[in-house]
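Q: Reminder that position 321 of the sequence shown reads as 321 in our numbering, one-by-one numbering, no gaps.
It cannot be assumed that every hint is accurate.
Capping the alpha-carbon separation at 20 Å, the derived lysine to aspartate or glutamate pairs in EDC-like fashion look like this [what the hints assert, rightly or not]:
#1 LYS59 / ASP295
#2 LYS59 / ASP226
#3 LYS59 / ASP220
#4 LYS203 / GLU83
#5 LYS317 / GLU83
#6 LYS140 / ASP128
#7 LYS203 / ASP90
#8 LYS203 / GLU81
#9 LYS140 / GLU184
#10 LYS140 / ASP121
#11 LYS173 / ASP141
#12 LYS59 / ASP308
#13 LYS317 / ASP90
#14 LYS356 / GLU344
#15 LYS59 / GLU284
#16 LYS59 / GLU286
#17 LYS59 / GLU304
#18 LYS173 / GLU139
#19 LYS317 / ASP85
Calculated from the structure, these hints are not laboratory results.
Here the structure is a predicted model, which is why all the values come from computation and not from measurement.
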Amino acid sequence: MIIPLTFMGGWATAIRVISWKVYPLAVNTVLLTVLGFVVGLALSFRSTTAYERYNEGRKYWSQLSLCAHNLGRVIWIHGTEREGDLGRQDLLAKVTALNYIVAFAVAMKHKLRFEPYTMYDDIAGLVDHLDTFAKEATEKDQPTPPRVGRLKATGEYLGVSFAKSNPQKLLKKASAPVGNLPLEILSYLASYIDDMIENGQLKVPVQQTLAYNNMAAMNDVLTGCDRISHTPLPLAYSIAISQITWIYVIMLPFQLEAALKWIAIPATIIASYIILSFVHIGSEIEDPFGYGVNDLPLDSYCHEIAADMSIISSRRKADTDNVVKSGNNRVLFPLSNLAYPVWETRSQRVIRDELKFKAETIMRSKYSPNAAPATSPQQVMPVAAEQKGDKAV
Numbered sequence: 001m002i003i004p005l006t007f008m009g010g011w012a013t014a015i016r017v018i019s020w021k022v023y024p025l026a027v028n029t030v031l032l033t034v035l036g037f038v039v040g041l042a043l044s045f046r047s048t049t050a051y052e053r054y055n056e057g058r059k060y061w062s063q064l065s066l067c068a069h070n071l072g073r074v075i076w077i078h079g080t081e082r083e084g085d086l087g088r089q090d091l092l093a094k095v096t097a098l099n100y101i102v103a104f105a106v107a108m109k110h111k112l113r114f115e116p117y118t119m120y121d122d123i124a125g126l127v128d129h130l131d132t133f134a135k136e137a138t139e140k141d142q143p144t145p146p147r148v149g150r151l152k153a154t155g156e157y158l159g160v161s162f163a164k165s166n167p168q169k170l171l172k173k174a175s176a177p178v179g180n181l182p183l184e185i186l187s188y189l190a191s192y193i194d195d196m197i198e199n200g201q202l203k204v205p206v207q208q209t210l211a212y213n214n215m216a217a218m219n220d221v222l223t224g225c226d227r228i229s230h231t232p233l234p235l236a237y238s239i240a241i242s243q244i245t246w247i248y249v250i251m252l253p254f255q256l257e258a259a260l261k262w263i264a265i266p267a268t269i270i271a272s273y274i275i276l277s278f279v280h281i282g283s284e285i286e287d288p289f290g291y292g293v294n295d296l297p298l299d300s301y302c303h304e305i306a307a308d309m310s311i312i313s314s315r316r317k318a319d320t321d322n323v324v325k326s327g328n329n330r331v332l333f334p335l336s337n338l339a340y341p342v343w344e345t346r347s348q349r350v351i352r353d354e355l356k357f358k359a360e361t362i363m364r365s366k367y368s369p370n371a372a373p374a375t376s377p378q379q380v381m382p383v384a385a386e387q388k389g390d391k392a393v
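Kindly produce the complete structure, drawing on both the sequences and the hints.
A: Structural data, given as structure tokens:
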């Protein structure tokens, strides 16, 4: 934005000096109304289209997080482990499968950033043992992370379009096929699910269906993000919107000259900043998968998925009977602090009365937060009456 605004400041100054010293260049302000309507429509379309792409990309990554949770839970909780040495092998295989889920997310992040190799620190340890096209290309090309020179970095900071780096540079320089790493990882994950079913580790058909459905949803996420990344705004729209916007801001000094005189210079700069900002924002968030401050935080999303998989695998499958019957299980909290062993001595009738009272208390507190707390039936019912009620039940 620095160079365009500097140009507009110089342009407005030139128009003002010529009008003052040589010949008045002021024109009727009706052009502000006519062109302003057209520019407003163009900028609205540009901003709306760009934000839709940004928002759609965020939804896809949220969907990926959901699929990772579901698939990780199916593998870790519902996948059984066999006896003896096979059980140890099954445990390590389940951990590897969860690593596949993390590797899929990280590989998709790099793919969307046009980084097709496997030498990156966050993915090398997850996929080095897999036979993939990306691994073969990495071993053949021995690529190094691209470095941005000071001159190019300055040009990018100033917003010079021809100074921007081509994000597909690594793809074009690759001497071997780089393949589709996320898709290949998904194939290894599907093979593992097949092996679990064949070994009898995933016996329930609903669990098998859930695993396959979530893998299909992960593939859908990959395809959707590829569509956003590889389908930019049509060139005709981009050129037309840019031309209309620049015609409008270039005409501003002529229309503000008669009314504002020297104030037309800062007024033109401010108006240009506002108008050109919308164009810049549209181009900035059109592809939301890069490294910019306005792009989606893909590194954070991948780290979150990796942390979630580690959380899932940090505990073995819970013993439900011991958990439910724990002395710390306050089953009717916050109505009562009594633990499970106490409630186990009560009758079903008493427990159901308490559950009904709990619902009434919660609804009463929702609509009357300042109302005095009601008294639990257990606090007014004598033990003898409870025993009598037990006999009646």
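Q: Each hint: holds or not?
A: Results for each hint:
With a CA separation close to 14 Å, the supplied pair LYS59 and ASP295 stays within the 20 Å bound. Between the alpha carbons of LYS59 and ASP226 the distance comes to roughly 14 Å, so the proposed pair stays at or under 20 Å and holds. Proximity of LYS59 to ASP220 is assessed by CA-CA distance (about 12 Å); at most 20 Å being required, the pair is judged to hold. For the hint linking LYS203 to GLU83, the alpha-carbon distance of about 16 Å falls within 20 Å, and the restraint holds.
Restraint check: the Cα-Cα separation between LYS317 and GLU83 comes to about 15 Å, which is no more than 20 Å; the hinted pair holds. Pair hint LYS140 plus ASP128 holds up; C-alpha atoms about 14 Å apart against a cutoff of 20 Å. Distance restraint check for LYS203 and ASP90: the Cα-Cα separation of roughly 15 Å lies within the 20 Å cut-off, and the hinted pair is therefore satisfied. A hinted pair counts as satisfied when its Cα atoms are at most 20 Å apart, and LYS203 with GLU81 qualifies at roughly 12 Å.
About 19 Å separates the Cα atoms of LYS140 and GLU184, which keeps this hinted pair within 20 Å; it holds. Distance restraint check for LYS140 and ASP121: the Cα-Cα separation of roughly 18 Å lies within the 20 Å cut-off, and the hinted pair is therefore satisfied. In summary, the hint linking LYS173 to ASP141 is supported, as the alpha carbons are separated by about 9 Å, within the 20 Å threshold. A hinted pair counts as satisfied when its Cα atoms are at most 20 Å apart, and LYS59 with ASP308 qualifies at roughly 18 Å.
Taking the CA atoms of LYS317 and ASP90, the gap is near 14 Å; set against the 20 Å cutoff, the hint holds. With a CA separation close to 18 Å, the supplied pair LYS356 and GLU344 stays within the 20 Å bound. The hinted pair formed by LYS59 and GLU284 meets the criterion: a straight-line CA distance of about 18 Å does not exceed 20 Å. For a cut-off of 20 Å, the pair hint linking LYS59 to GLU286 stands: about 15 Å separates their Cα positions.
Simply put, LYS59 and GLU304 have alpha-carbon atoms about 15 Å apart, close enough for the 20 Å limit, and the pair holds. Using a Cα cut-off of 20 Å, the hinted pair LYS173 and GLU139 holds, with the two alpha carbons roughly 14 Å apart. Straight-line distance between C-alpha atoms of LYS317 and ASP85 comes to about 19 Å, which keeps the hinted pair within the 20 Å bound.
Comparing the model with each numbered hint stated earlier shows that all of them hold.
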